[in-house]
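Visitor: Following the hints, put chain C in place on chain W, whose structure we already have.
Protein chains: 2
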Amino acid sequence: MASIGTVTAQSMHFAEPLALRSGAALRDYTLVYETYGTLNAARSNAVLVCHALNASHHVAGHYADEPAHTGWWDNLVGPGKPLDTDKLFVIGVNNPGSCFGSTGPTSPNPNHPGQAYGADFPVVTVEDWVDAQARLLDRLEITQLAAVLGGSLGGMQALAWTLRHPQRVRHCVAVATAPNLSAENIAFNEVARRAIVTDPDFHGGHYQRHGTLPKRGLRLARMIGHITYLSDDVMNTKFGRALRHGELAFSTQDIEFQIESYLRHQADKFAEYFDANTYLLITRALDYFDPAREAGGDLGRAFAPARHNRFLLVSFSTDWRFAPARSREIVKALVDNRIDVSYAEIDAPHGHDAFLLDDARYHGVLRAYFERVAAEAP
Amino acid sequence: MASIGTVTAQSMHFAEPLALRSGAALRDYTLVYETYGTLNAARSNAVLVCHALNASHHVAGHYADEPAHTGWWDNLVGPGKPLDTDKLFVIGVNNPGSCFGSTGPTSPNPNHPGQAYGADFPVVTVEDWVDAQARLLDRLEITQLAAVLGGSLGGMQALAWTLRHPQRVRHCVAVATAPNLSAENIAFNEVARRAIVTDPDFHGGHYQRHGTLPKRGLRLARMIGHITYLSDDVMNTKFGRALRHGELAFSTQDIEFQIESYLRHQADKFAEYFDANTYLLITRALDYFDPAREAGGDLGRAFAPARHNRFLLVSFSTDWRFAPARSREIVKALVDNRIDVSYAEIDAPHGHDAFLLDDARYHGVLRAYFERVAAEAP
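First to last, the sequence lines map onto chains W and C.
For our numbering, add 19 to where a residue sits in the first sequence, where the first one is 1.
For our numbering, add 19 to where a residue sits in the second sequence, where the first one is 1.
The following block holds chain W by itself, in its conformation from the complex (with noise of 0.2 Å):
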């Protein structure tokens, strides 16, 4: 199994507005994606990747001049890999208010010519998102995907195909995701969000104006959405209560612990790079997310257009933000439609993170599922 090796990332420009959910709309915007492997003459083994939270359309490969930053699901797509570019096209895009090139926050308000959009730019829902990726897909002459994959947010952007579009998509795969947040992950991201929001540098979200960016709020963020990736074990495992300097400081203030020396660095690391009204925008768009609710609360009723669509949904055991409970929401949702889908539900230790990571039994699941992906593709 090679790399995918060098890849470009391409935009592509709309002029149309595109209508929110919220009522507003986006007047213009830019989407900046890649692609892997080749469309065939049928263009009909197309796979559109849908990213989560902290991701983007940067999928696989590398670009050749940052050899080290490797696409973020390299180890599943590429030549002879689980979703195998040498039988599969596959597309990855960076969603609208996102903060890695597509027209977000930090992009130039149309409105207010010389400022960038900051807090004004508009709340976009998982709906907006795939409603943008459709127009994508127009453009590159797709008409009907073969699949479309997702994991965590991404699996509800997957999810959210099959109920707005389900006749551009054969094939359904929702990974480590969710009918809906519970009340502790909204409560979560409210935290974090809270963080952000009260941070003096924060300046109601036109911190560009002020030149200042509200990094103490980025890093508070991350540290709880850090916490909520990883599995009560695998933290165990990996840091325990093993000490910085090998005995006790006795600080309040300094770093004791190894997992606090871990939190504090990807804590930096992700306030470098990571907008902060990209991160309200996106939590609030993983708050929104709720099929059922247009349906009365009945997420079978919700599942109803997605008849011709078949599904793969696969959790993990110790996943306890989108727990197997969560996914097995859905598969019921989809049985009581009489909808085809298959269900893994993995025994890994890594919880959230674990469908980023190359797990065996995992990647086999998915490998077993895409080869009929593509041997169908006509």
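One or more of the hints may lead you astray.
The list cannot tell twin chains apart, which means a pair is met if one copy fits it or any two copies do.
[To be verified] Taking lysine-lysine and the DSBU-like style, the derived pairs with C-alpha atoms no more than 30 Å apart in a straight line are:
#1 K351 x K257
#2 K257 x K234
#3 K288 x K234
#4 K288 x K257
#5 K257 x K106
Don't read these hints as lab results, they were simulated from the structure.
Guide: Using the frame of chain W, we list chain C on its own:
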């Protein structure tokens, strides 16, 4: 079961320095405490109640001028209650480092006249608290406690009593506790501390001198703590995905969900009365507690001094902060030492907070145990 009625806090000053585990000393200090019931002639019916992060000496009853401010374990302690003050003499004591009356960071620093300790208050540990409590018992002329009782961090103190002063306590009742914090527990504490320490109003812990209070940090710390005290289930039952205003506002900064409103309210209340330096000290005391460490990592060996004590351990099924498995570690260490231990795992939906609530099975277990404790008191 009547409430204990009106109670009065007392205080005791200790002029002799308290040697601390860190190597530092507390030069002199005052402890605030309350007592309920009557000490018998043999002075053998005393039960010490140790408090957790957010509590104090005010365990039961109410003050004459604050009828609404009932003690934090009022449902447990009183005439005819599980901890029956018709039979037992109950003592609640506020630990040094706290912000509820005993000497702590907001107290005058004897080394810097005219200034509060602030960040210069020495780091205190569970063991230091137990030593300070033992001195209070000396003054009260109580040679041996009928029992020491605590939940969560209070449970750690109850356990530490049997390791440091095993001859001074007959029974140890430790509820919803753990033999040490997991990496995840430490991680949550660390995020809370970073929220406080990086609040620009913290001023290195000397905010009193600057006329500020790091309320932003305290609010975040409380929100994080609160999430870990509740179970996912009880949060879903109490709040679920209920909206604050009936419909979505599509805002990243305004309140959308009831759970957000609840957390912000709890955070605001907490930031009004709790001291930030105390929060740092108490979370560190939690982090540091680890009796096995001094016994070469062997919890069984750590409990060898407690061989003449008798124990009741209680845990709650949905407590994910200090899960039942953590209590079972303690039970195993005791059993390995052939120490008399009873253990109850209570099926309760409320998470860690269950130890404060009036659950019939839980209170039944405590009632039966304390009847035995009282009957044995000479």
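Visitor: Each of the hints needs a verdict: does it hold here or not?
Guide: Hints, verified against the model:
1. Taking the closest pair of Cα atoms, K351 and K257 come within 30 Å of each other only across two copies (24 Å); inside a single copy the shortest separation is 35 Å, beyond that limit.
2. Proximity of K257 to K234 under the C-alpha cut-off of 30 Å is restricted to the intra-copy arrangement: shortest distance 27 Å within a copy versus 33 Å between copies.
3. For a Cα distance limit of 30 Å, the shortest separation of K288 from K234 qualifies both inside one copy, at 10 Å, and across copies, at 26 Å.
4. Only within a single protomer do K288 and K257 lie at most 30 Å apart by alpha-carbon distance; the minimum there is 19 Å, versus 37 Å between protomers.
5. Proximity of K257 and K106 under a CA criterion of 30 Å is satisfied in neither setting, with 38 Å inside one chain copy and 49 Å between copies.
In summary, the one numbered hint that this structure violates is 5.
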